[in-house]
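Asker: As given, the protein sequences belong to chains A and B, one line each in that order. Number 217 in the working numbering belongs to position 217 of the first sequence; there are no gaps in the numbering. The number in the working numbering is simply the position in the second sequence, starting from 1, with 273 added.
Hints should not be assumed to be uniformly reliable.
[What the hints assert, rightly or not] Sample of chain B residues facing chain A (criterion: CB under 7 Å; computed from the structure):
(1) R459
(2) E465
(3) W558
[Stated by the list, open to error] Listed next, the stretches of chain A that the computed footprint assigns to chain B, with coverage defined by at least 3 CB atoms under 8 Å from CB atoms of chain B:
(4) 65-76
(5) 85-93
(6) 111-118
[What the hints assert, rightly or not] Using C-beta positions, here's what the derived DEER-type ranges look like:
(7) F25(A) - R476(B): 18 to 26 Å
(8) T122(A) - R557(B): 22 to 30 Å
(9) M402(B) - F25(A): 56 to 64 Å
(10) T77(A) - T385(B): 45 to 53 Å
Derived by calculation from the structure, the hints in this document are not laboratory data. Even for Gly, the Cβ is constructed at its ideal location relative to N, Cα and C.
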Amino acid sequence: MLDTPTTRSTAAPPILRIAGLHKEFAAANGTVEALRGVNITINKGEFICLLGASGCGKSTLLRIIAGFEKSTRGSVTVYGTEVDRPGPDRGMVFQDYALFPWLTVRDNISFGPRQRGVPTPTVVRETERFLNMVGLTAFADRFPHQLSGGMKQRVAIARVLANDTDILLMDEPFGALDALTRSKLQEELIEIWKTTKLTVIFVTHSVEEAVLLADQVVVMSAGPGRIDCQIKVDLPRPRDVSSPEFNALRRDVTRRLTRHVTSDRPVVATADS
Amino acid sequence: MSVQTEVAAPASGPATGTTPTATTNASTSIWQQRAKAAALASVVPLALLLLWDVMVRWTGTRLIPPPSGVAIMMWDFAFGGIYDDAYSASLPIHFWKSVQRVYGGFFLAAATGIPLGLMLGRIPLLRAMLDPMLSLLRPVPVTAWLPLSMIFFGLGPKSAIFLVFLGAFYPILLNTVFGVKSVDARLFEAAEMLGCSGSQMFRAVVLPASLPSIFNGLRLGAAFAWILIVVGEMTGVPEGLGAVIMDGRTLSRTDLVITGMIVIGITGYLSDRILLSLSNYFLRWSPQHNA
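Please work from the sequences and hints to get the whole structure.
Answerer: See below:
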């Protein structure tokens, strides 16, 4: 059941290590097992997609990494330090944005650094830098309710980037956006990821999105949630969604994903990463 | 200007129908709407004044003066020169005393109600300790506190301030608690993952997020404060709009009573407008509240 790291360098320690993670929720009739025996190792700078159907526990896993929820057993460590609460090293981008409605775009982005007591000149400089990076300089003084969904999600991304995060956690961030805005933001996210060299953990239920974005797709299966397999995506970037290679890989991932949905019995996890 | 646009709009309207016409139409209709609103709002008061005047003449009562009598009293109360008695030109002093007591009690209520409400909404231990007692005291009418408040604070302005405080405290407290409890949990998570914790959370998230509800509470509280000023000034204070009304009653000077009522009504209304514009300013980020 041990994960098999597929990384090129073994010299640098992994940024995130999840070992033997279990999560149970209390329910009306006993407990519900949400996650069973999850092991993942993620290296600095990797773009990981957690892919799975609804209810497979992928969001729960992300929330445990973020520190919003506690695991029942097992550990999550960032550079060897156990995660026990939310922290600025793991910045979260929510599907419903969770911007502070009383703050302007600029103040939303500078919220984190200000709370952490970063000197004002630095805060101002970094805020302007990330405003510019997500293309919202012209909208800096607007309030969230005056923005479109895509713009709100750009603010949410810039807010986390400006806070000097190590790991960017994204919980179906583009799920509520229309197709055009979504593909625009996917492109921008890849650009940002290349520029900042961040580690990204991206939760999605879209196979195409996972194959388009990830270095590595972690396929999860439900009931209880666990890792089915990890698939390395070696396609060159920028990726062409109409190329035969892309479609072959997408078919492959889809087959693995739907196997659990269609079969009567869940298949035991196979390690082939 | 509005006359010009009114003339211009119908002439060019049907012929061209271009954007400039549309904008003049829009500005005209705003003025028309305002005039219409003012006209509609004054129908009932004017009808009541008329009814009042007719009824006084018809019944020939001497207990209630006609509107003109009250108008003369109001002039004398404000500027003097007609009756030249103890109440002539005394509006400023009564007004000022009442305003001090109303806002004294109101700010005291806000200064205790808001912080307490923020903490009650966020700290379960505090809620478990205080909520039952506060719920028990809440149904007690403020007027029932009158004898006790006179024992606590003596005859005088302190007692009035205490009663106003009691009346304004509960709406402010309860609305603040409600506001805190209805803050989207996601915002706390967002703040936590950005590095905000503990007491920072109150200032950075809890307070601004519950501001819409707090302003509701403040407006209700201020309204109660003006309602209670009459009760508050029953406690043997010589000056104040409530005291004037009580004096008017004792002296059977109904014109004085009605004058006091009108002044309180107008002042209460203006004070609410001030709170409303403050609320609109501080809640300009909220599409629901920026009226």
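Asker: Give a verdict on every hint.
Answerer: Checked hints:
1. R459: It holds, given that the least Cβ distance between R459(B) and chain A is near 4 Å, below 7 Å.
2. E465: Hint on E465(B): holds, closest Cβ of chain A at ~4 Å, below 7 Å.
3. W558: 4 Å, holds
4. 65-76: holds (count 3)
5. 85-93: That given contact holds, which follows from 7 residues of the segment 85-93 of chain A lying within Cβ reach (below 8 Å) of chain B.
6. 111-118: Holds, because 4 residues of the segment 111-118 of chain A bring their Cβ atoms closer than 8 Å to Cβ atoms of chain B.
7. F25(A) - R476(B): 18 to 26 Å: 33 Å, violated
8. T122(A) - R557(B): 22 to 30 Å: Roughly 28 Å apart at Cβ, these two residues keep to the hinted range, so it holds.
9. M402(B) - F25(A): 56 to 64 Å: 30 Å, violated
10. T77(A) - T385(B): 45 to 53 Å: 46 Å, holds
The structure shown violates the earlier hints numbered 7 and 9.
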